[in-house]
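Residue numbers (the numbering used here), protein chains in the order written: chain C, 1 to 360; chain R, 1 to 295; chain Y, 1 to 359.
Careful, some of the hints might be misleading.
Said to hold, decoys possible - Away from chain C, derived, C-beta distances all over 12 angstroms, residues of chain Y:
| hint | residue |
| --- | --- |
| 1 | 192 |
| 2 | 225 |
| 3 | 247 |
| 4 | 321 |
Stated by the list, open to error - According to the in silico footprint, chain R covers these stretches of chain C (three or more CB under 8 angstroms from chain R):
| hint | stretch |
| --- | --- |
| 5 | 76-83 |
| 6 | 91-99 |
| 7 | 347-354 |
FYI, nobody ran anything at the bench for these hints, they're computed from the structure. Since the model is a prediction, treat every value here as computed from it, not as a measurement. Where a beta carbon is used, it is the ideal one built from N, C-alpha and C, also for glycine.
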Amino acid sequence: MARITLDGIAHSYNPGSTSEADFALKRLDHVWEQGRAYALLGPSGCGKTTLLNIISGLVVPSSGRLLFDDRDVTHLPTEQRNIAQVFQFPVVYDTMTVAQNLAFPLKNRGVARGAIDARVAEIAAMLGLTPELHRRARSLTADAKQKISLGRGLVRSDVAAVLFDEPLTVIDPALKWELRSKLKAIHRALDLLMVYVTHDQVEALTFADEVVVMKDGRVLQIATPAELFEQPEHTFVGYFIGSPGMNLVEAQVDGHLARVADQTIELGRRYAAPAPGSSVRLGFRPDYASLVPAGGIPVRVRRIEDLGRRRLARVALGENDIFATIPHGVSIEREEAGLLIEQDRLFVYVDEQRVAGQAR
Amino acid sequence: MDKPLNNRAWLLVAPVLLFVLFSALLPMMTVVNYSVQDQMGENHFFWNGDAWFRDLLNPATEVGARFAGALVRNLAFSVTALLIEVPLGIAVALCLPRKGWTVGATLVVIALPMLIPWNVVGTIWQIFARQDIGLFGAALTGLGLHYNDTQDPVSAWCTIVIIDVWHWTPLVVLLSYAGLRAIPDAFYQAARIDGAGRWAVFINIELPKLHKVLVIAILLRFMQTFMIYTEPFVVTGGGPGNATTFLSIDLVKIALGQVDLGNAASMSLIYNLITITLSWIFFTIMTQLDRRREE
Amino acid sequence: MSLRLENVSVTAGGRTIIHDVSLALEPGTMNVLLGATLAGKTTLMRLMAGLDKPTSGRVLIDGKDVTGVPVRRRSVAMVFQQFMNYPWLSVYENIASPLRVARLNTAEIDRRVRRAAQLLGLEPLLDRLPQQISGGQQQRTAIARAIVKGADLVLLDEPLANLDYKLREELREELPRIFAETGAILVYATAEPLEALLLGGSTATLSQGRIVQAGPTLAVYHRPSDIESARVFSDPPLNESDIVKEDDVIRFGAAQALPAAGALAAIPPGPYRLAFRADIATLGAPWPASLSLAGRIALAEISGSESFVHVETAIGTFVCVERGVSTRQPGQPTSLHVDAARVFVFDRDGRPVAAGSGG
């Protein structure tokens, strides 16, 4: 049981370097609370694995301190950190049965026999491993083996944190939702601090209370899944979360109005004039932009995609290629159509960062 | 599923088939031929049925007793060598560095003995073991041990075993090392997190993962030790007495020394058969064990 | 060129992998093979390519029997799930390789390679080696190689399955456009219903080595001819339950009975299988003709733009779709409303009895 404090943590694989570009993980200050679930989300090379390795003890950060509660563990080896970890590929002890595998971390720490059996039975029941308890681990499928790995990670109740490193990679897609729901249920039942690394936005958003979105070694936003979708702080978050991602169009912003390709768009809020030379873009999600036969901002329809449960249109707004939703029951027949954007879902990004406007 | 068939592929295999025919099958048939015939004078052969085989397999006959004795020595030698080389090989492999520039250098040094031809190994050790000028022999004698590889059967036997261990443990080391390198880091990391000690890591991770390469190592080493020839031939000449007369040594004595072609042919066929059968039994037992553990 | 499979079956090791498949593919069309892993998609493609020979049945090109004609004598290009490029050749040479084999002159090769590279946005990468570019770019290279070949039959076997989801989003939008102008027969195997819908054209649903249904993609999606076809063409998985129709109620086992609304009103009494896709079930306001079930939230799977909410009810767990990010927590009580006008009803043989539009 613990709280994890990242106190000015940064890491460069090039020791002694001070150049910003050399840092695989740029300076980060944050506190992760006991009992909550966090996800580190980002494309490959974003620094999420480096951050996980710093917490697990594989990597000592170039600067900053790592605290578990008030204990400084920055330089402690893995085995003294009191953490559990589940890896991308199943790690099972081939010669042992499933039950012996699950009991192994407890047995090594001299837990009493009765307590071990009770805990193993509890964890096996949560993961649906009970029927397999006395089978040899090596004879099982990859799915079942990964469940054993998950079980070994969760079996100790006294760990500071459980770390998951893309644990569902080998799971058959049809079974993924089942394991996701098990993990979610287990997190609620066990009251452990969990950190989950993934590049899959569904896994991150489904599992975590808070998601840390990372790119190029930088943390772009730490927020709940709903906040990431509704109010992305960075253009990359807007693009990466949601499918298709956020529409971004070049604009000139002046007070409460924006000019996009000879069109004037009402912003609903008033914005300070951006510094000259900075890039200014409007961001709005396709989900909150609807296409109608007439009215709204004039656009040209390029293509309509019927995805069964929703229809998406690819339209041109000046030089910009954007997506919009076609509302249920609306039919678009001509190339010219109108775009309606929900005003409170329309954001202004200056140099990729969202800027807050003032109420008019 | 049927692939579109094309019989021309056989043409490409034909040279290999021809080569095998001339290099293995024809000489083999000559041996079979000798084993069922007897010889009178110059090149005058007649049918002898299974008489050579019955003599050979009956320990009451002279050749039968020689054969049985040599076979027991062969088995004892193989078992001794395997019992030393396999654990030693694994132990050395575990101690080798995993990364850095030392890896290449260490592996080359370890592999060196394997690159030396058999007869050179024999000659090296013949000199090395001499009590007067040989470093090994002189050192042992200096320590007050009774060591004499040409007079004392125990010394001779030990010398042959030590030569084989020195010459071939590197093979076990290299195979085990490759097997160990194939274990993903996550396993070691998981074991550390699970609080496992060094011995637990070895028993629960390394040994099970080495299983497949060890099957190969044991099989190879068994076949090679069972066919041992050059080392005793060069170092001890099969002596003192017949302490180091293995099947291959005896075979050469009978075939080339005494020119008893019938005895030699039947002996080489039986020898061959034993080697193949034992290897097959070894292999079957080990793969069966593997399968049983899967269930 | 047109391609026909006639009653093609494949048996291997005593097991039948492909059961009596007949398909006709016309030039310039996009044909999607939709099915789960091991449904037989890859086997079928290998037959079309001529990599394998069917155990029985015929493969016809332009009406001529080509069963057993090896692949190198056919005009075929194939892109695999794994990124297959020559690791020692540059992107340029990788794309050019089929043209070099065909001994085209250098100027012609250069023209075709540059055009394909431009279509796929590979121009800045032509001098790089495959290991120096990303997975998405490697797969683009493989696709470019398939294009320059100018083959009459282009087979794409789950080409996007190994890419991460943003790249998949981009490429799957571009692919139909890129191949549209080549005039080749395109065959695209995928396990993802959404991909089939985005590609358009026609779709054949595959299950256990059989073609369950074939036709225009949207028609197959909205009007499944068999419950298996609806299963294959649903993501999240199709919601299903056994029902018994009695007069004006439907019974779900002994536990639950609901008024027979919507599509269920007109069917004769008897046992059926009720099925519906996630998007015609909602946790919000009931539909005009609604089947309403009380339950608890089991899990909300959130993709961003949509959330798949799993609801546990007395008669089983069902999935519904909500827009945006769902904040529903597991354990919360809720009501699930299914649009009774759009549900599928299948008889015991899996044939549709009453078919709503399916959403």
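Structure-based check of each hint:
| no. | hint | result |
| --- | --- | --- |
| 1 | 192 | violated (9 angstroms) |
| 2 | 225 | holds (17 angstroms) |
| 3 | 247 | holds (33 angstroms) |
| 4 | 321 | violated (6 angstroms) |
| 5 | 76-83 | holds (count 4) |
| 6 | 91-99 | holds (count 5) |
| 7 | 347-354 | violated (count 0) |
The structure shown violates the earlier hints numbered 1, 4, 7.
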